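Protein chains: 2
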Amino acid sequence: MIRVSVNGYGTIGKRVAEAIMLQPDMELVGVSKTSPNMEALVAQSKGIKIFSPDESSKKFEESGIKISGNIEDMIKYSDIIVDATPNGVGAQYKTLYEKYEKRAIFQGGEKPNVADVSFSALCNYDEALNKKYVRVVSCNTTALLRTICTLSKLGKIDKVRATIVRRAADPKEFKKGPINALVLDPATIPSHHAKDVNSVLKDLDIITSAIIAPTTLMHVHLLNVTFKQQIDKEDIVSIFLNTPRIVMVSSRSKISSTAEIIEVARDLGKMRNDIREVVVFEDSIYTKGSEVFLTYAVHQESIVVPENIDAIRAINGISADESIKITNTSQGISGGYII
Amino acid sequence: MIRVSVNGYGTIGKRVAEAIMLQPDMELVGVSKTSPNMEALVAQSKGIKIFSPDESSKKFEESGIKISGNIEDMIKYSDIIVDATPNGVGAQYKTLYEKYEKRAIFQGGEKPNVADVSFSALCNYDEALNKKYVRVVSCNTTALLRTICTLSKLGKIDKVRATIVRRAADPKEFKKGPINALVLDPATIPSHHAKDVNSVLKDLDIITSAIIAPTTLMHVHLLNVTFKQQIDKEDIVSIFLNTPRIVMVSSRSKISSTAEIIEVARDLGKMRNDIREVVVFEDSIYTKGSEVFLTYAVHQESIVVPENIDAIRAINGISADESIKITNTSQGISGGYII
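So the sequences go chain by chain: C and S.
Numbers 1 to 339, taken from the numbering used here, label the letters of the first sequence in order.
Numbers 1 to 339, taken from the numbering used here, label the letters of the second sequence in order.
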C-alpha cells in the first residue's frame with residue numbers, strides 16, 4: 001500500500017483524497033485543513049483524518065472537529081504527498097517535503113521548475129517513472145494534452161492553434177465571479193497555456209489565446225490542428241471513441257452547451273456532477289485537407305484527478321498501462337458517448 | 001402496487017419518476033417525452049419506458065430510441081398520473097385523464113381550480129385523502145407552507161410577511177437567464193405566492209413580494225412571522241431540528257450562501273446535488289417579542305418531489321404518518337443539520 005496524504009483540501013484536494021480512498025493499492029493518511037469550516041465537517045463525516053497547522057488547532061478544538069496532528073505529522077506518516085495547496089504555496093511547502101525526504105505531486109498552479117517533470121498521463125507517463133517530484137499540469141493543459149496526444153496517433157501534427165474560453169469561477173465560490181464581462185486572459189497572445197503544453201510536448205508548435213466568460217460550469221476549447229497530411233473525420237471519431245479519458249457528445253443527443261453536459265452528469269448520478277473526461281462535441285469535428293477543427297468542454301474541477309492518481313503510481317515505478325487501467329476502473333472512466 | 005406514470009419528463013418529472021421507482025408500494029409505468037433528446041437517452045439508459053405523442057413516433061424511431069406506446073396508452077396502463085407538463089398544459093391534459101377515469105396529481109404551475117385540493121404534506125395532507133385530483137403547490141409555496149406549518153406548532157401566528165428572492169433559471173437551461181438584472185416579480189405587491197399559500201392555509205394573513213436575481217442554484221426566502229405571543233429562539237431551533245423536511249445550516253459550518261449549500265450537497269454525493277428539505281440558516285433566526293425573523297434556501301428543482309409522492313398515497317387513502325415516513329426513508333430525508 002502506498003501511503004498518500006493530501007496537503008490542501010479545496011476543489012482539487014478533496015477530489016484527489018476521495019479518489020485515493022478508492023484505489024486498491026493506496027491508503028489515504030489524511031488531509032490538511034487550515035480552518036474548521038464546512039469542508040472540514042464534510043471530511044470528518046467521511047471518516048477522513050484531518051491535520052492542521054499548529055496555529056489552527058485551537059480553532060478546531062473550539063468547533064469540535066477532531067484533528068489527528070499537525071501538517072509535519074501528516075507528512076511524516078506518508079510515502080507521498082499530493083500538494084493541492086493554492087497556486088504558489090506548493091513551492092513553499094516543498095522545503096518541508098525535502099526535510100522529511102518525501103516524494104510529492106504538485107499541481108499546475110505551481111511553476112514547472114517546482115518538479116522534475118510536468119505530467120500528462122496520455123503523453124509522457126514514462127518520464128515520471130521513479131521521479132521524486134512530479135507536477136500535474138492544469139485542467140486546461142491536461143485537456144489540451146490529452147486531445148493532442150490522442151490526435152497525434154493519427155499522423156504527424158504540424159501546428160495547433162487554440163482558443164480557450166474559460167469559466168470565470170468554480171460553482172462553490174461566492175466571493176468572486178462570474179463577472180458580467182468577457183475578459184481577455186491575458187490580452188497578449190499567446191496565453192500561458194501554450195507554454196504549459198510545451199512543458200510536456202517540448203517541440204510542438206502551439207499558440208493559444210484565452211478569454212474568461214461569465215459561467216461556472218466548464219471551460220470550452222476551440223481547436224484548429226494542422227497535420228502534415230490529410231486526416232479523415234471518421235478516423236478522429238474512432239480514436240476519440242476508443243480513448244477512455246475522452247467522451248463524445250453525440251449528434252442525436254442534441255447537446256450544444258455546457259449546461260446540458262452538466263445536466264447529463266447530474267442525471268446519471270455522477271458524484272458532484274464531475275466529468276473526468278474531455279467532452280468532445282462530435283458534430284464540431286470538421287476537416288479541410290490537413291486541417292482539423294473541433295470543440296470540446298473541460299470540467300475544470302475534476303479533470304486532473306485521474307492524472308494525480310497516475311502520477312502517484314508513476315513515482316512508484318508502476319507502468320502506464322497498469323496505472324491507467326486501475327485509475328479508469330476505480331473512477332468509472334470508460335470513454336465512448338457521454339449518453 | 002400503485003401503478004403511476006409521469007406525464008412530462010422535465011426538471012420535476014424526471015425526479016418524480018426516479019422517486020417512484022424507489023417506493024416499495026409503487027410501480028413506474030413510464031414517462032412521456034415529446035422529443036428524442038438527451039433526456040430521452042438518459043431515461044432509456046435507466047430502463048424507464050418512454051411513451052410519446054403519435055406525431056413524435058417517427059422522430060423517436062429515427063433516433064433509435066424505443067417507445068412503448070402513445071400517451072393514451074400510458075394513461076390507460078396507470079392507476080394515477082403525475083402531470084409534470086409545462087405550466088397550463090396540465091389543465092389541457094385533464095380531459096384525457098377524465099376520459100379514462102384516472103386520478104391525477106398536478107403541479108403548482110396549474111391554477112388551483114384544476115384540482116379538488118392544493119396540497120402541502122405538512123399542512124393539509126388529510127384534505128387530499130381519497131380525492132381524485134390533487135395539486136402540489138409550487139416550490140416556493142411548498143417551502144413557505146412547510147416552514148409556516150412547522151412554526152405554527154409553537155403558537156398562534158398573527159401574520160407572515162415574506163420576501164422571496166428567486167433564482168432566474170434552472171442550471172440546465174441554456175436559452176434563458178440568469179439575466180444581468182434584478183427583476184421585480186411582479187412590481188405589484190403582494191406577489192402570487194401569498195395567494196398560493198392561501199390556497200392551502202385559507203385564513204392566514206400573509207403578504208409576499210418577490211424579486212428575481214441572476215443565479216441558478218436556489219431561491220432564498222426572508223421571513224418575518226408575527227405570533228400572538230412571545231416566542232423563544234431555542235424553541236424554533238428545536239422544532240426545525242426535529243422536522244425531517246427541514247434541515248439547518250449550523251453556525252459552525254460558516255455557510256452563508258446558496259453556493260456553499262449546493263457544494264455540501266455535491267460533497268455528500270447527493271444525486272444531482274438535490275436538496276429536498278427547506279434549508280434554514282440557524283444564525284438567521286432572530287426574535288423580538290412576538291416577531292420571528294429567519295432566512296432559508298429552497299432547492300427549486302427538487303423540493304416538491306416528496307410532496308408529489310405523498311400526494312399519490314393520499315389519493316389512495318394512505319395516512320399522512322405512514323406516507324411521510326416511507327417517503328422520507330426512500331428519499332434520504334432525515335432533518336437535523338445539513339453538515
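Read the hints as simulated data drawn from the structure, not as lab findings.
As the structure is a computational prediction, the values presented were derived from the model and not from experiment.
Mixed in with the good hints, there may be bad ones.
[What the hints assert, rightly or not] A few chain C residues facing chain S, derived, Cβ under 8 Å:
no.: 1; residue: Lys172
no.: 2; residue: Ile179
no.: 3; residue: Asn180
no.: 4; residue: Thr188
no.: 5; residue: Leu268
no.: 6; residue: Gly269
no.: 7; residue: Ile339
A virtual CB, placed ideally from N, CA and C, is assigned to each residue, including glycine.
Right, here's what the structure says about each hint:
1. Lys172: holds, 4 Å
2. Ile179: Result: violated, 10 Å to nearest chain S Cβ.
3. Asn180: holds, 5 Å
4. Thr188: Status violated, d = 28 Å.
5. Leu268: holds, 7 Å
6. Gly269: Because about 5 Å separates C:Gly269 from the closest Cβ in chain S, which is inside the 8 Å limit, the hint holds.
7. Ile339: Because about 5 Å separates C:Ile339 from the closest Cβ in chain S, which is inside the 8 Å limit, the hint holds.
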